[in-house]
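Undergrad: Sequence:
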Amino acid sequence: FGSLLGMCLIMQLTTGLFLAMHYTADTALAFSSVTHICRDVQHGWLIRNIHANGASMFFIFIYLHIGRGLYYGSYLYKETWNTGVVLLFLTMATAFVGYVL
Numbered sequence: 005f006g007s008l009l010g011m012c013l014i015m016q017l018t019t020g021l022f023l024a025m026h027y028t029a030d031t032a033l034a035f036s037s038v039t040h041i042c043r044d045v046q047h048g049w050l051i052r053n054i055h056a057n058g059a060s061m062f063f064i065f066i067y068l069h070i071g072r073g074l075y076y077g078s079y080l081y082k083e084t085w086n087t088g089v090v091l092l093f094l095t096m097a098t099a100f101v102g103y104v105l
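Numbering (this note's numbering), first residue to last: 5 to 105.
One or more of the hints may lead you astray.
Have a look at the derived ranges for each label pair, beta carbon to beta carbon [stated by the list, open to error]: (1) M61 to L94: 13 to 23 angstroms; (2) N53 to A97: 17 to 27 angstroms; (3) Y75 to L105: 29 to 39 angstroms.
The set of hints was computed from the structure by calculation and includes no laboratory data.
Being a predicted model, the structure only gives us computed values, none of them experimental.
Note that CB positions come from ideal geometry on N, CA and C, so glycine has one too.
Whole structure, please, built from the sequences with the hints as guidance.
TA: So this is what it looks like as structure tokens:
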């Protein structure tokens, strides 16, 4: 599942950069910029949907990865497991900021 996580991460970064090129962060113009992306940018609706669904797929693969680690007893390696937990919390914080955006 690690390679699927890497693929999802690259997909999220790519689509996120494309969306950021067309997004306006002003509170008065944010909604209209999303509408502009979906209606006027070529395949913008597809890129936005790939980005939104890619975030969900990323978390599905994370939870599968954690489940596999629990099944095989990877939590016994404390340093590696704690690094994974920190990365999980950082990913959740990043996703929260993305969902709020």
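Undergrad: None of the hints should be skipped; say for each whether it holds.
TA: Outcome of the hint check:
At roughly 18 angstroms, the beta-carbon separation of M61 and L94 lies within the given 13 to 23 angstroms, and the hint holds. About 23 angstroms separates the C-beta atoms of N53 and A97, a value consistent with the hinted range of 17 to 27 angstroms. Between Y75 and L105, the C-beta spacing of about 35 angstroms keeps the proposed range 29 to 39 angstroms intact.
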